[in-house]
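Whole structure, please, built from the sequences with the hints as guidance.
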Amino acid sequence: MNLADLPLGPLERALVDSLRRLDPQVPEAVLAAAALCTEALAGGDVCLPLQRLAGRRPWPEFAFSLPSLADWQAQLQASALVGAPGGFAPLILDGQRLYLARYHAYETQLAAQLLQRAADVPAVDEAALSESLGRLFAFNSSTPDWQRLAAAQAVRRRLAVISGGPGTGKTTTVVRLLAALLEQPGGANLAIGLAAPTGKAAARMAEAIRNAKATLPVSDAIKVALPEEARTLHRLLGSRGDTPKVRHDAARPLALDVLVVDEASMVDLALMAKLVDALPPHARLILLGDKDQLAAVEAGAVFAELCEGRGFDAEAVTDLQRITGQTVPVEPPRSRLGDAVVLLTHSHRFAGDSGIGELARRINGGDAAGTLNLLRENRTDLHWQEQPTPSALLERLDQGYRPYLQAARNGDPAQAFAAFNAFRALTAQREGPWGVSGINEALEARIKRRLSLPERERWYPGRAVMVRQNDYALGLFNGDIGLCLHGEHGLRVYFEGEDGYRAFAPARLPSHDSAFAMTVHKSQGSEFSEVLLALPELPSPLLTRALFYTGITRAKHKVEIWGLPARLSEAVNTRAERAAGLAERLGAGPCELPKPPATSATSAATDQLSLF
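Once you know that position 586 of the sequence shown is 586 in the UniProt record's numbering, the rest is easy, because the numbers rise by one and skip nothing.
Be aware that a few hints might be false.
Said to hold, decoys possible - Label pairs and their computed distance ranges (CB to CB): (1) R135 - D513: 43 to 49 Å; (2) G186 - R575: 41 to 47 Å; (3) Q116 - A14: 45 to 51 Å; (4) P329 - A414: 44 to 50 Å; (5) P24 - G95: 40 to 46 Å; (6) P454 - N373: 19 to 25 Å; (7) R430 - L451: 42 to 48 Å; (8) N410 - K223: 35 to 41 Å; (9) H489 - Q116: 54 to 60 Å; (10) P85 - P24: 24 to 30 Å; (11) G186 - T345: 50 to 56 Å; (12) R231 - S452: 29 to 35 Å; (13) P506 - R430: 28 to 34 Å; (14) A255 - R135: 28 to 34 Å.
I should point out that these hints are in silico values taken from the structure, not numbers from a laboratory. Quick reminder that beta carbons are idealized off the backbone N, C-alpha and C, glycines included.
Below you can see the structure in the form of C-alpha cells.
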C-alpha cells in the first residue's frame, strides 16, 4: 500500500509532501516515520520512539507495515532528510528516538542550560540566611520542615524545582523564600518576576502572594519590595501568534534577577526552552508545581522529568543542617540537577483522616483495588456513583447548581461567584454525553425550560462561560470564568478582578464556551468546595492516573465520582508516559550546549516548515 492512501491528517500530509519535494526518492518508511513523529507530537510526545512501532502496522486498519527496528534505523540513517545530533536536517535521529529538528534543539538546549544553571552556585550570606529562615518559618513545627529546606535551596541555587500537592504550602514557601532573598546583602535591589502559563493561574498566584505577605515577620521595606503582579509566560516572553519566535531570548534577555513560575507542570517543552533561554545567566529560576498533575496540553512533561532527579547527597545534607538546623536523610540524586529538586509532602489542606487525601495517595500509588475499597467506605468527603446514567447525572447537576442559579438572580457578583465555586462538574473529555459539550448542552436546555426561555436564547441570568482566547485589550484570558448577571444596564458578564469585579456586555467577549462543566485540564490551578468528576462510560486514552488525581484534588471538602468500576481501575492503572529524552539528558554523562547547525541544501525548505 502506498503512503498516499493512508489516513494522514493535514499537517502530516503537508510534512510528507514537503519532504518528498526535497527528496523524490525518499523511502516510504522514512516518510511514514516523519508522519508518525508529527502525530506523536500532537499526542504530547516530544519524539517518536522507533521501538514502539518497528515491525508493526501503525495504522491497524491499513495493510502498511514498518520495517524491523534495525532496517528502519538503517533507512533513516541513510536518508539526507535525517540528521544525527548536531547536524542540520528536517528530522534528527538520536539513538532510537526520532525528532522533528526543532524539538530536538529545544530538548538538548534546555537540558544543557538547566545543568549549567544548577551547577552555578551564587554567593550567599549563610548567617543572614539562617536567621531569615528561622524567623520566616518559625510557625512550622514539621520535622523535617521541607518548606524551609526548599526555601534554603532556592536561595542557595540558581535553579530550584519545588513540587507539592494541593495544600502543601507552595505559595507560603515561595513568598517566604523571596523575603529571605531580599534580606540577603544587596538583595533589596533584586528584580523579581512572577509568571504562570495561563492568565487565570497568574492572577491567582499574584493574589495569593499579596495575601500572604501581609502577615510576614519582615520589615515594611521588604514587604514593599515583594512583587504583586504576575504575567503569563507568553506575555513575559513577548510571544507573537504568527511565529514560534519570541521577543526575549539569549540575545535579548529578560531584565530579571529572579523568576518564579507557578503551575510549572502545565509548561510544555517548547515554552520552557524559550523561557530558560531568555533568562540572564545570573538569574535564579524557581519552578513551582505538582509533579503528579496532568502535564501540558502541548508536547512534553518537563516538570515531571525534572522531578525524577531529586535527592540530597551527603554534602548537601551537611550544608542544609548547618543553615536550617533540619536533619534530612541522604538520598543520592538521580540526575545532575542534584539537590535543586525539593518535594513538599505534608498537606495542610487534607488532614490525616481526609478521604480525599487518602484517595489521592492510593491513586498516585497505582492501587486500583485500594481506591475502589476506599470509595466504598462511605467517607463523609467521598461519594461514588458506581452505576451512573446520563439522566441521573443531569438531575444531580441540576440539584448541585440550583443554589448558584438562585444566587445569580440576585445580581450580586460576589454572592454569585461564591455560590458558583461551591460546586463544579469536571469531565475527562470534551465530546459525548459524559463530556463538556454534552453536559453543558443538556443542562442549559433544562435550565432554560425552567426559566421559560426560548431554546435559542444564548444569554440569561446565571449562564457561566469560560474564555477560550486571550484578549489583552480586555484583560481576559483563556480559562477565565465569567458569570452572566442582571446589571444596571441589562445583562452583563462579570469576571473576577484584582480590584473587584469587571462587567462586559456579552457581545464584547472573546471566543468562549458555556462552563457549568469543564475538563479536568481546564480546572488546573483552581479550587472548589465540592467537585463532581464524571468519567466516560467507554474506555478512553484520556483516562489516566494523572487526570484522576488532578480532578479529585480540585476539591477542598468533598468529591463525587460518577464512573463505572472498570473506568476507575483503568484510570488508576494507566500511567501516562510521554516519549522524551530530557530526563535522560539530565542524568549521568556529558551534556554540551548544542552547536549552531551547519547549512545544507534543505535549509531553505526547512525554514518554511514551522514544525522543524
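Okay, the hints, checked on the actual structure:
Hint check: R135 to D513, Cβ distance near 47 Å, so the stated range 43 to 49 Å holds. One distance hint, 41 to 47 Å for the beta-carbon pair G186 and R575, holds here, with the actual separation near 46 Å. Here the CB-CB span from Q116 to A14 is close to 37 Å, at odds with the stated 45 to 51 Å. Against the hinted window of 44 to 50 Å, the Cβ-Cβ separation of P329 and A414 comes to about 47 Å, which satisfies the hint.
P24 and G95 have their C-beta atoms about 29 Å apart, which leaves the hinted 40 to 46 Å range violated. With their beta carbons about 49 Å apart, P454 and N373 fall outside the hinted range of 19 to 25 Å. Between R430 and L451 the beta carbon distance is about 26 Å. The supplied range of 42 to 48 Å is therefore violated. A beta carbon spacing of about 37 Å between N410 and K223 agrees with the range 35 to 41 Å that was offered as a hint.
At roughly 56 Å, the beta-carbon separation of H489 and Q116 lies within the given 54 to 60 Å, and the hint holds. Under the hint 24 to 30 Å, the C-beta atoms of P85 and P24, about 27 Å apart, fit the expected range. The hint said 50 to 56 Å for the Cβ distance between G186 and T345, and at roughly 34 Å that hint is violated. Look at R231 against S452: about 45 Å separates their beta carbons, and that is not inside 29 to 35 Å.
Taking the beta carbon of each, P506 and R430 are about 23 Å apart, not inside 28 to 34 Å as hinted. Separation of A255 from R135 is about 30 Å and conforms to the stated range, judged on CB atoms against 28 to 34 Å.
Hint compliance for this structure: hints 3, 5, 6, 7, 11, 12 and 13 are not met, and every other hint is.
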